[in-house]
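**Student:** Residue numbers (the numbering used here), protein chains in the order written: chain S, 35 to 129; chain R, 352 to 445; chain X, 263 to 747; chain Y, 678 to 1010.
Just so you know, these hints were derived from the structure itself, not from any lab.
These numbers were taken from a predicted model, which means no experiment stands behind them.
Virtual Cβ for every residue (Gly too), placed ideally from N, Cα, C.
Pair ranges (Cβ atoms, derived):
hint	chain 1	residue 1	chain 2	residue 2	range
1	Y	S809	X	A737	35 to 43 Å
2	R	L365	X	F483	48 to 56 Å
3	R	T407	Y	V862	26 to 34 Å
4	R	A435	Y	D799	55 to 63 Å
5	X	R360	Y	D799	56 to 64 Å
Over 10 Å on every C-beta distance to chain X, these chain Y residues come out as not near it, computed from the model:
hint	residue
6	L690
7	R709
8	A742
9	A747
10	L779
11	S817
12	P861
13	I875
14	G957
Listed below are the simulated EDC-like cross-link pairs for lysine to aspartate or glutamate, each with C-alpha atoms no more than 20 Å apart in a straight line:
hint	chain 1	residue 1	chain 2	residue 2
15	S	K121	X	E413
16	R	K390	R	D380
17	S	K121	X	E416
18	S	K121	Y	D755
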Amino acid sequence: MILDTQLLYGLVGIFLFSLGLSSAFASSALLRRILAINVAGAGLFLLLIAVAYRGPEINPDPLPHALVLTGIVVAFSATALALALVKRLRETDDD
Amino acid sequence: MTEILAALLVTLGLAFFIAGSIGLLRLPDLYSRLHALTKADNVGLGLLVMGLALLTDDPFIALKLVLIWLLVMAASSASAHLIAQRARRRERGT
Amino acid sequence: MTDSLVWSIALPLSGAILSVLLPRAANGIGLASVLGSLAAALAVIWTVADQGPLTYAIGGWTPGLGIALRADGLSALLLLLSALVAVAASVYATAYFRQAEQRQRFWTLWLLLLSALHALFLAADLFNLYVTLELLGLSAAALTALSGQREALEAALRYLLLGLLGSLAFLAGVALLYTGYGSLDISTLTHRLSPGLTGWSAAALMTSGLLIKTALFPLHFWLPPAHANAPAPVSAILSALVVKAAFYLVLRLWLEPFASLSTPELVQMLGVLGAIAVIWGSWQALQAERLKLLAAYSTLAQIGYLFLFLPLILETSDETLRHAALGGLLLMALTHGLAKSALFLAAGVVQQHAGHDRIAELRGTAQALPATTFTLALAGVALIGLPPSGAFLGKWQLIAGALQAELWWMLGVVLAGSLLAAGYVFRLLGHAFGQARYPARSLSIGRQEIPALGLGLAATLLLGLFSAPVWSLLAGLAPAGGLNP
Amino acid sequence: MTDVVWGLLDLLLILALLALAWGSLNSRNLQRAVIYFIGFGLLLALVWVRLRAPDIALAEAAIGAGLTGALLLAALRDASHSPDHTDRPDRAWRLNPVPTLLSLGLAVALGLAYLQALEIADPQRLAVAVFSHLEQSGVSNPVTAVLLNFRAYDTLLELAVLLTALLGIMALGQARPAYAQAGPVLAGLVQWLTPLLILVSAYLLWIGAHAPGGAFQAGALLAGAGVLLRLAGFPDSHFPAALILRGMVIAGVSLFLAVGLVLMLVGRGFLDYPPAWAGGLILLIETAATLGIAATLMLAFLGGRPAAWSLDTSTTGRIQAADMVRHNTGDNP
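All chains, full assembly: derive it from the sequences and hints.
**Tutor:** Next up, the structure:
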């Protein structure tokens, strides 16, 4: 049952990662590409947290939790910078 | 006894949630949808919170649950107001 | 002395933090911290030469639970290259950015980029590498956009997004490795990893992520616009070091954790991609109409050369051949780092002086900017791989190794690449030495021309004449067959 | 019985998660795609709770869904000014089956690798090492122990990443124009909510040592309060003087680095806390980091330099009030 949970959520994470990665390559609109990268990242985080899960009685492995926390902040930083670049690009279009 | 009461309250709360969700999906226009959603959900959440509060011995946790209910109510009424206001403005074409 | 590992990262980082608070003193803070990190890098290489590889367990926790820093000959040499180029480019930058505001913005991001580079070269933990890769990618993209021109913004955004995809692929590999082998520490993983689906998938993901970042053909398309539109000192460090950092990681990973996974076909494939990159990059450089674009395409070709070495290093049981090839690779990488930064810095001077960098209209440059034109020539000599540059020795090793391993196609690639390089360098010099009837007044911009010239001289003379220490530093690195029993 | 309930819950969560992800990637309307993405983030927070990762759930709700969502909505608001950027359905996806097949192939290959990895793994991984050293770490929340002690160096670099992103944004141009002053309902809510958010943030920071919470969650919440004030267009939500603002932005990373270096200079080693002081030092670093994260996240939301960032003598924090008068479109995003 523990392994099933790990397996199930881990596979969903992998699926989300693949989906996000391929739509990031396939889409041309910038905002969509940023969304896709974020979905792919979330898939990876899900994979890591699934690996950390060890059943309802045992405490989960805290190491992947810390990695994902770092990953969330890094993903936010990258998204914020990318969106600011998009904004600046639009402003140069308007000029 | 308390457990049965709690289960009843939670079930009733869920029923309100389901009614609200059906309303969101089935009602014809934005205003009636908002109406269904906010009212039903606020009551539903209140019932849920009451049910859960009965189940805990720790009054501090019960207090936190009530606080969550109050916060959600404040937030949902404010956002419903904003959505409705924006819709009104669009209708008037400004 | 192992503290110098920490200092080489902490000094640029402290400089970055201070320059946020005191932007008016940014020049002084920046120069002091790059000089400090050069001193730290020298101490690192000194200690490595003296005592062999160094490990520093941060927080006192054993690597695995905690994170370690590590330096061996390979990483120490690249660290030194980075600190050296950084000092030259920083001195250059004090004069290059004329507007105070732009200079202040440059400094903090620049120092963050340097701490990321140094952290990357010294990292010994895979997740820590992911964080340094992101720090590097974000600061590099922000610096690329610094001019605010439309082309620069577009290039920066593409650079950022592709870099993010590369890092994500890298992180996916790290997650798989942690799932299967329960560690993030590189040397622990080197002992635990064995051939199998987990290792192969992780290796494929991490390598392809890094190939995007190192711009190996056919994943190169983002590089020319980014490097050609960034401010000159930024282009210098991007071309000389940032792409090489990703290559260094490919090499590090395949020398250590993935050593047991490598197959002749795979390594040959990387070699062939490198060969295509050499020809394609050189051909594009020959066609380029702008000087900075020429330099950027030439970087693609030079990265290709580095990949050509991989079959000689990873798929040979001959210890001396492997050692010789590794030394040759390092010489190529170091020479290119110095030469390409010299070329970009000189290109910046030309661009600021002439108001453009169109190669066909550079007539008279030699009369107006003799020192800078000389720098262009020196960098060109090193890029072609003429003696006495270090690249000559590097190519020599490549040819000798290819002969020994009977990889005949490599000879053709090296020959064609060198001829094409001679073509683009002499085309550039031909225009630059052209006589203008009314040459612009001869200028002297010491703080910009001297650092560029110094790098050019180092590229042509230093490594070619004093290459022995490179080999002795690399001795004992990654014995044949990998570290895996 | 419980297994069946859990299984149903898992199934429901996963189906909803996949549907929202699909919607955010393939919805033709960009605005709808963003809304789906925010929903995806919130649902993900629930998944974290399900997988017993409450620390991540807090951070995801605040940063992953909340602040990223606010950023994306603000970006949409920018886009609405230039009509050619609003809705451009991505036909490439629909017409081209190659990426779909590629993603399926990738997913299958990685899925098989994952199965094999679970099979060969020692299921303990590093958990044993973390739990057996927990007592020496100075805190009892294992995630905080990893973040602020065992892998503190990662966290230091992570704060540097955050700083880099902010400085990159600041270098690009001016901040977005301020929002108009909100009507009484939103204004009332924000007025009522802000002190509560500050209180909860302090609580999360304090509790992080032994229960879910910590600097990132606390900082994100504080930043959320700042973003709300900005959205509601409060005329007095001005920034402090430039020097203080800059000091806040670097507070976390500078104190962290300083502690590490001082410990090295006194002969212990970089970031090697003396066990007796570890708890106190971690709280100190986390407090500074909370301030720094809050200021950085809030400023990153603006999408550029606010006037208050400039150190020029003519500019003070009060100038922000002048920002508020500038044109804008409505009182909500």
